[in-house]
Structure formats: structure tokens, C-alpha cells
Amino acid sequence: MKANKAFEYVCNLISEKYLDNGWKYSKSGHWMSKKDKNFIYKVLLYTSWNNIFDKNVVFYGECAILPLKSKDKIFHINTRQCNVPSDQLYWNIANEEEWERTVNEFTNWLNSVFMPILEKCTNDLNNFVKEVVEKGFYPQKGYMIDINFILTHGSRELAEEAIKRYYASLEESIKKEFKDNYESMVCSNEAVSAYGNNMMRNYTNFRTIIDNKIIVTL
Numbered sequence: 001m002k003a004n005k006a007f008e009y010v011c012n013l014i015s016e017k018y019l020d021n022g023w024k025y026s027k028s029g030h031w032m033s034k035k036d037k038n039f040i041y042k043v044l045l046y047t048s049w050n051n052i053f054d055k056n057v058v059f060y061g062e063c064a065i066l067p068l069k070s071k072d073k074i075f076h077i078n079t080r081q082c083n084v085p086s087d088q089l090y091w092n093i094a095n096e097e098e099w100e101r102t103v104n105e106f107t108n109w110l111n112s113v114f115m116p117i118l119e120k121c122t123n124d125l126n127n128f129v130k131e132v133v134e135k136g137f138y139p140q141k142g143y144m145i146d147i148n149f150i151l152t153h154g155s156r157e158l159a160e161e162a163i164k165r166y167y168a169s170l171e172e173s174i175k176k177e178f179k180d181n182y183e184s185m186v187c188s189n190e191a192v193s194a195y196g197n198n199m200m201r202n203y204t205n206f207r208t209i210i211d212n213k214i215i216v217t218l
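Counted from 1, the sequence shown has number 136 at position 136 by full-length UniProt numbering; the numbering is strictly sequential.
In case anyone wonders, no lab produced these hints; they're calculated from the structure. Take the hints with a grain of salt, since some may be wrong.
[Claimed, not checked] Pairs of lysine to aspartate or glutamate, EDC-like flavour, derived with a Cα cap of 20 Å:
(1) Lys27 with Glu8
(2) Lys179 with Asp211
(3) Lys34 with Asp124
(4) Lys2 with Glu98
(5) Lys35 with Glu62
(6) Lys213 with Glu131
(7) Lys73 with Asp211
(8) Lys37 with Asp87
(9) Lys5 with Glu119
(10) Lys135 with Glu119
(11) Lys120 with Asp54
(12) Lys164 with Asp180
(13) Lys135 with Asp124
(14) Lys5 with Asp72
(15) Lys73 with Asp20
(16) Lys179 with Glu160
(17) Lys71 with Glu97
(18) Lys55 with Glu100
(19) Lys35 with Glu98
(20) Lys37 with Glu160
(21) Lys24 with Asp54
(22) Lys213 with Glu160
(23) Lys213 with Glu190
(24) Lys175 with Glu160
(25) Lys141 with Glu105
(26) Lys213 with Asp180
(27) Lys35 with Asp54
(28) Lys37 with Asp54
(29) Lys34 with Glu119
(30) Lys55 with Glu97
(31) Lys130 with Glu119
(32) Lys120 with Glu62
(33) Lys55 with Asp36
(34) Lys164 with Asp124
(35) Lys176 with Glu157
(36) Lys213 with Glu157
(37) Lys120 with Glu131
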């Protein structure tokens with residue numbers, strides 16, 4: 001079977017498990033989506049351009065949360081970050097015999113990692129924001145937060161607390177760069193190193209902090 005056909009089949013098998021729960025599936029984009037009044041939730045399914053015909057067909061996935069009016073991901077995590085499948089970077093779906101195992105392992109990962117976060121965002125957002133400030137979106141992989149999410153759906157005070165925790169979670173080699181640039185740029189001065197300029201080019205927690213001039217003592 002051609003690689004693209006194997007990928008299509010596995011994507012369809014996964015999406016069929018969620019269509020009755022309000023999810024929509026884009027066959028052309030190979031992603032599932034679901035919306036509430038604040039966010040769009042996405043499950044993105046991937047293969048590789050380097051598939052070897054009939055021998056190795058890559059499959060892995062990512063899930064993400066985006067504000068309705070933005071393309072910036074406030075949270076995202078993929079199977080590779082979670083070491084799923086075990087000790088591998090991806091599933092090999094070249095053989096049909098592997099499809100059932102792949103679908104089961106992927107949906108188990110999705111249901112255990114992403115769906116609880118989605119449920120809290122949709123049904124208990126106020127308390128979930130506080131939980132994110134305390135522990136991050138997914139504590140098993142460190143302090144994963146989005147300052148703009150906390151500013152928008154929580155408060156400036158919660159954002160200040162999150163910034164302190166976020167700074168404390170950074171690797172020691174990054175802390176000085178972050179602190180030096182933050183203390184300069186939050187006062188409308190220039191970046192003191194390339195780190196500050198680089199962090200302002202894309203959507204980052206650092207940029208959100210500077211743009212909103214959130215003052216904390218690090």
C-alpha cells in the first residue's frame with residue numbers, strides 16, 4: 001500500500017472515534033478540531049515526506065489549544081515529547097497489522113493527556129487558570145504556561161505569580177539572559193543581548209510580558 005493511503009486510513013480510523021463528540025475532521029489538512037466560546041482545540045496528525053514505500057510510513061501527532069481569534073498556540077504537546085510510542089519517535093504504519101495498535105496507543109495518549117485539559121478549559125476555566133498558574137498545563141513535562149492565557153482569562157496578579165514561577169523553571173543558562181533583558185526592556189530600554197531581540201520576534205511568554213509591561217522582582 002502506498003504511504004499516503006496508509007496515512008489516510010489511520011487518520012480516518014482515529015477521527016471516527018471522535019466525530020460523535022463534536023469534533024470535526026479535515027481530510028485535506030489531516031487535523032481534528034473542536035470549538036467552545038473561547039478556544040479552538042486541534043489534534044494534528046502527521047506523516048513524513050521521507051517515507052520509504054511499503055517499508056516505513058511515519059505517523060505521529062500533536063494537540064494544541066488556540067484562542068478563537070489567533071493562530072498562536074497557548075498550549076501544545078506532541079507524542080514525541082511524551083515518549084509515545086515507547087522509546088520511538090513515531091509509529092510505523094506501513095503494515096495494516098500495525099494500525100489497530102497505533103490507533104489505540106495514539107487515542108489512549110490523546111484521552112489521557114489532552115482531553116482532561118480540554119474539559120477543564122471548557123467547563124471550569126476560572127479554576128483551571130489558577131491551576132495552570134500553580135502547576136502549568138501539563139506538569140509531567142515541566143512548567144508549561146502561556147502568560148497571555150492567564151492575563152486574558154485570569155488577572156494581572158495571577159500573571160505576575162506565573163512569571164515568577166516561569167522564571168524559576170528556566171534552565172540556569174537561560175535565567176541570566178532572561179533577567180537581564182527583562183529588566184532592561186520592561187522599562188522601555190533596548191535589549192542587552194540577542195536573546196531579548198529574538199524573543200520579541202515571535203509569540204513568546206517573554207514578548208507578552210514586555211508588551212504588557214508586567215513588573216515583577218526576579
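Run the distance test for Lys213 versus Glu131: straight-line Cα separation, threshold 20 Å.
23 Å, violated
Assess, step by step, whether the Cα of Lys120 is no farther than 20 Å from the Cα of Asp54, and give holds or violated.
41 Å, violated
Hey, Lys120 versus Glu62, does the alpha-carbon distance stay inside 20 Å?
19 Å, holds
Taking only the CA atoms, is the gap from Lys164 to Asp124 under or equal to 20 Å?
24 Å, violated
Would the hint linking Lys73 and Asp211 be met if the CA-CA limit is 20 Å?
18 Å, holds
Hinted pair, alpha-carbon criterion (20 Å max): Lys176, Glu157. Please report holds or violated.
Distance ~24 Å between Lys176 and Glu157 Cα, so the pair is violated.
Restraint status (C-alpha distance of Lys213 to Glu160 at most 20 Å)
11 Å, holds
So if I understand the rule, the pair passes when the alpha-carbon distance is 20 Å or less; does Lys213 with Asp180 pass?
Between Lys213 and Asp180 the Cα gap is close to 15 Å, so the pair holds against 20 Å.
Is the straight-line distance between the alpha-carbon of Lys120 and that of Glu131 20 Å or less?
Holds, at roughly 10 Å.
Hinted pair Lys34 and Asp124, Cα distance within 20 Å
Given pair Lys34, Asp124 holds - Cα atoms ~17 Å apart, limit 20 Å.
Distance restraint between Lys2 and Glu98, which requires alpha-carbon spacing of 20 Å or less
Holds, at about 15 Å.
Restraint check for Lys141 with Glu105, where alpha carbons must lie at most 20 Å apart
Given pair Lys141, Glu105 holds - Cα atoms ~19 Å apart, limit 20 Å.
Against the hints set out earlier in the document, violations occur for numbers 6, 8, 9, 11, 14, 15, 17, 19, 20, 21, 27, 28, 33, 34, 35.
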